[in-house]
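Student: Sequence:
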Amino acid sequence: MLTARCLSDDTLAHLEAAGHVCVLKDAFDFESPSEIANLILAENCEAALALHLYRGGRLLQGHRIPFGIIFGGTDVNEDANQEEKNTVMGRVLEEARFAVAFTESMKEMAQAQWKARQISLAVTRAVPVQPHAKGKIYVQSQGIATTPNAAFNWNTFLQRSEINQSADNLHIFLLICGLRQVKDPLYLVDAFSEWHQEEPSVYLVIAGPEVDPVFTREVKAKVRRAAGVRLIGEMPQEDLHAVVKNCFAVVNSSVSEGMSAAILEAMDLEVPVLARNIPGNAAVVKHEVTGLLFSNPQEFVHLAKRLLSDPALEKEIVVNGREYVRMYHSWQVERDTYQQLIRKLEGSTED
Numbered sequence: 085m086l087t088a089r090c091l092s093d094d095t096l097a098h099l100e101a102a103g104h105v106c107v108l109k110d111a112f113d114f115e116s117p118s119e120i121a122n123l124i125l126a127e128n129c130e131a132a133l134a135l136h137l138y139r140g141g142r143l144l145q146g147h148r149i150p151f152g153i154i155f156g157g158t159d160v161n162e163d164a165n166q167e168e169k170n171t172v173m174g175r176v177l178e179e180a181r182f183a184v185a186f187t188e189s190m191k192e193m194a195q196a197q198w199k200a201r202q203i204s205l206a207v208t209r210a211v212p213v214q215p216h217a218k219g220k221i222y223v224q225s226q227g228i229a230t231t232p233n234a235a236f237n238w239n240t241f242l243q244r245s246e247i248n249q250s251a252d253n254l255h256i257f258l259l260i261c262g263l264r265q266v267k268d269p270l271y272l273v274d275a276f277s278e279w280h281q282e283e284p285s286v287y288l289v290i291a292g293p294e295v296d297p298v299f300t301r302e303v304k305a306k307v308r309r310a311a312g313v314r315l316i317g318e319m320p321q322e323d324l325h326a327v328v329k330n331c332f333a334v335v336n337s338s339v340s341e342g343m344s345a346a347i348l349e350a351m352d353l354e355v356p357v358l359a360r361n362i363p364g365n366a367a368v369v370k371h372e373v374t375g376l377l378f379s380n381p382q383e384f385v386h387l388a389k390r391l392l393s394d395p396a397l398e399k400e401i402v403v404n405g406r407e408y409v410r411m412y413h414s415w416q417v418e419r420d421t422y423q424q425l426i427r428k429l430e431g432s433t434e435d
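Be aware that the sequence shown starts at 85, since it is given in the working numbering, and climbs by one per residue.
Among these hints, one or two may not hold up.
Said to hold, decoys possible - Below are the EDC-like pairs computed for lysine to aspartate or glutamate, each with C-alpha atoms no more than 20 Å apart in a straight line:
#	residue 1	residue 2
1	K306	E318
2	K199	E167
3	K399	E430
4	K399	E179
5	K389	E246
6	K399	E418
7	K370	D394
8	K304	E278
9	K428	D394
10	K329	E278
11	K389	D420
12	K304	E322
13	K191	E178
14	K389	E278
15	K329	E400
16	K370	E400
17	K306	D323
18	K389	E372
19	K370	E354
20	K304	E282
21	K199	E178
22	K329	E294
23	K169	E115
24	K304	E354
25	K329	D252
26	K306	D274
Unchecked claim - If you anchor each label on the Cβ, the simulated ranges turn out as follows:
#	residue 1	residue 2	range
27	N380	N122	18 to 28 Å
28	E127	E192	15 to 25 Å
29	F112	N380	48 to 58 Å
30	E100	L125	15 to 25 Å
31	N122	N253	51 to 61 Å
32	E162	N239	12 to 22 Å
Simulated from the structure, these hints should not be mistaken for laboratory data.
Cβ coordinates follow ideal geometry from the N, Cα and C atoms, glycine included.
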């Protein structure tokens, strides 16, 4: 049996299509490796695949079952800068059979990070260098397949979101993210609210699960006071895709990203993207070609206004974005890659 933890439904589908029986678990549900040991025993697990080198990977160490890792983004971009977490992740990578990075730049960062760590340890201990990451990291971008609910009622959604205007005159900017600090959902709220008071037809809708309870309370309190900003909870994927298809643009304001599925899904659904200019976003959004990149809230408002007033720019971005996803984010190619990699987990740990 193969276990998949904290992974997307698509990744799970890839494994099940190859004949594996999978158990999907969220890393946040476990506090210690002993709880994972109990799960492995109870489910008779033979291998594991984890998302995020620290949050998922650290729980899989020492259980004598082979496992693979998918980098999440914050593990390489943020957690690697903390010495204790860096050390733990280096050990996880050493034990893993393989690791998957979404981009070449993410692979290079991981290789440099843990090779440097190993060189430091080798000098300290006077032992040969054995880079954790050497030959283990494969690059596979996220595969995208969107399935908007054809029966979704947009007007009902607007009413439930307390947006009481005609859909014909609205411009909804949709920010999709789990409510946690690294996604920075409040980054644009003040600037957007000010813009809404000048232009009542624009709304910012934040959609996603309540991941961090403390931070969620802060977000809710802020949004309640912000004109033109709405907060909705987690939605079924098909409904969320329907919301994306009906909105004017999709927004990403994260501090750190590995590769944003929401951005790619918007491109696939032919919806413009405005994304914060960080490495993970800039890897998939080419400014004024496949989307627009902003570096501060004021620039976001400027670019959003420009997009509203320039239909030719909107059309160009939409066409280019859709073509980009078709060329570089094939769902079938992703399936083939994971089905090949998962074979590295078959057999005993001595193989």
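Student: Does the alpha-carbon distance linking K306 and D323 stay inside the 20 Å limit?
Tutor: 26 Å, violated
Student: If you draw a straight line from the CA of K399 to the CA of E418, is it 20 Å or shorter?
Tutor: Violated - the C-alpha atoms of E418 and K399 are around 28 Å apart, more than 20 Å.
Student: Has the given pair, K306 with D274, been kept, meaning a C-alpha gap of at most 20 Å?
Tutor: 9 Å, holds
Student: Is the straight-line distance between the alpha-carbon of K169 and that of E115 20 Å or less?
Tutor: 16 Å, holds
Student: Holds or violated: K428 and D394, Cα atoms, limit 20 Å.
Tutor: Outside the cut-off at roughly 50 Å; violated.
Student: Within a Cα-Cα threshold of 20 Å, do K199 and E178 meet the stated pairing?
Tutor: Holds, at about 11 Å.
Student: Next pair to validate is K389 with E278; report whether the Cα-Cα distance is within 20 Å.
Tutor: Holds, because 13 Å separates the two Cα atoms, which is no more than 20 Å.
Student: Holds or violated: K306 and E318, Cα atoms, limit 20 Å.
Tutor: Distance of about 19 Å is within 20 Å: holds.
Student: Compare the distance between the alpha carbons of K329 and E400 with 20 Å, and conclude whether the hinted pair is satisfied.
Tutor: At roughly 17 Å apart (the allowed maximum being 20 Å), E400 and K329 satisfy the hint.
Student: For the pair supplied as a hint, K389 and D420, confirm whether the alpha-carbon distance does not exceed 20 Å.
Tutor: With Cα atoms ~41 Å apart, K389 and D420 exceed 20 Å; violated.
Student: Does E400 sit within 20 Å of K370, going by the straight-line distance between their CA atoms?
Tutor: 12 Å, holds
Student: For the hint 12 to 22 Å, verify it against the beta carbon of E162 and that of N239.
Tutor: Given range 12 to 22 Å: violated, Cβ gap about 40 Å.
Violation of the numbered hints given earlier is confined to hints 3, 4, 5, 6, 9, 10, 11, 12, 17, 20, 22, 24, 27, 28, 29 and 32; the remaining hints are satisfied by the structure.
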